[in-house]
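Q: Chain residues, written in single-letter form:
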Amino acid sequence: GQQLNQSPQSMFIQEGEDVSMNCTSSSIFNTWLWYKQDPGEGPVLLIALYKAGELTSNGRLTAQFGITRKDSFLNISASIPSDVGIYFCAGQKNSNYQLIWGAGTKLIIKP
Amino acid sequence: GAGVSQTPSNKVTEKGKYVELRCDPISGHTALYWYRQSLGQGPEFLIYFQGTGAADDSGLPNDRFFAVRPEGSVSTLKIQRTERGDSAVYLCASSSVGGEAFFGQGTRLTVV
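From first to last, the protein sequence lines are chains A and B.
When the first sequence is numbered by the numbering used here, its final residue is 111 and no position is left out of the sequence of numbers.
When the second sequence is numbered by the numbering used here, its final residue is 1112 and no position is left out of the sequence of numbers.
One should not assume that every hint holds.
One side only, chain B facing chain A, incomplete, derived with CB under 10 Å [what the hints assert, rightly or not]: (1) 1006; (2) 1018; (3) 1019; (4) 1040; (5) 1041; (6) 1042; (7) 1045; (8) 1055; (9) 1059; (10) 1062; (11) 1065; (12) 1066; (13) 1088; (14) 1103; (15) 1106.
Just so you know, the hints here were simulated from the structure itself, not pulled from any lab data.
C-beta atoms are modelled at their ideal positions from N, C-alpha and C, and glycine is treated no differently.
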């Protein structure tokens, strides 16, 4: 099925570093969502973006909805050990409708 | 319950067998979704219910897959004649109208 292009596939960073990941699509989406998934758990919503150009923060996380509505990025500032996990972007064309997902960015923090 | 509950958490079955996966959504949520997640991939949409009816089943891979939600609450995903390629984590999510989708922990299906 269709998936978004998410990069990087994985990141090895030091604690305290900033992290940036992004998603692109050939299709326009009306909503962009960023999720985090821990092992053995379902995805948990971090940030939802509903408007082109929107920049939204949730604590140390900041995400933006691209002007073209075909891309989004997520930044994490001053990473901490509990940030480890897999981050997914997801696009939605209409409310209460299917989500199209990226393949995930695995965040690993070097000791 | 407080969250979306999926049972069983793990299911191992033999190729060719029939399996049922259950999802208990958050009380009051009218929308319910099933996704399938293969290792190293993002979830892939299977089916979406609004109330009792399947509003969109375009993601079901073939006619071996079927899902029901007879009373608009609990949903069951049914897979007939399972194949090794069906092995994946099956995720269920629910939401209120226009609201955030909350995911369950998933059922890990292994077909041997």
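Q: Each hint needs a verdict: does it hold in this structure or not?
A: Hints, one by one, checked against the model:
| no. | hint | result |
| --- | --- | --- |
| 1 | 1006 | 8 Å, holds |
| 2 | 1018 | 24 Å, violated |
| 3 | 1019 | 19 Å, violated |
| 4 | 1040 | 7 Å, holds |
| 5 | 1041 | 6 Å, holds |
| 6 | 1042 | 3 Å, holds |
| 7 | 1045 | 4 Å, holds |
| 8 | 1055 | 8 Å, holds |
| 9 | 1059 | 7 Å, holds |
| 10 | 1062 | 13 Å, violated |
| 11 | 1065 | 13 Å, violated |
| 12 | 1066 | 18 Å, violated |
| 13 | 1088 | 13 Å, violated |
| 14 | 1103 | 3 Å, holds |
| 15 | 1106 | 6 Å, holds |
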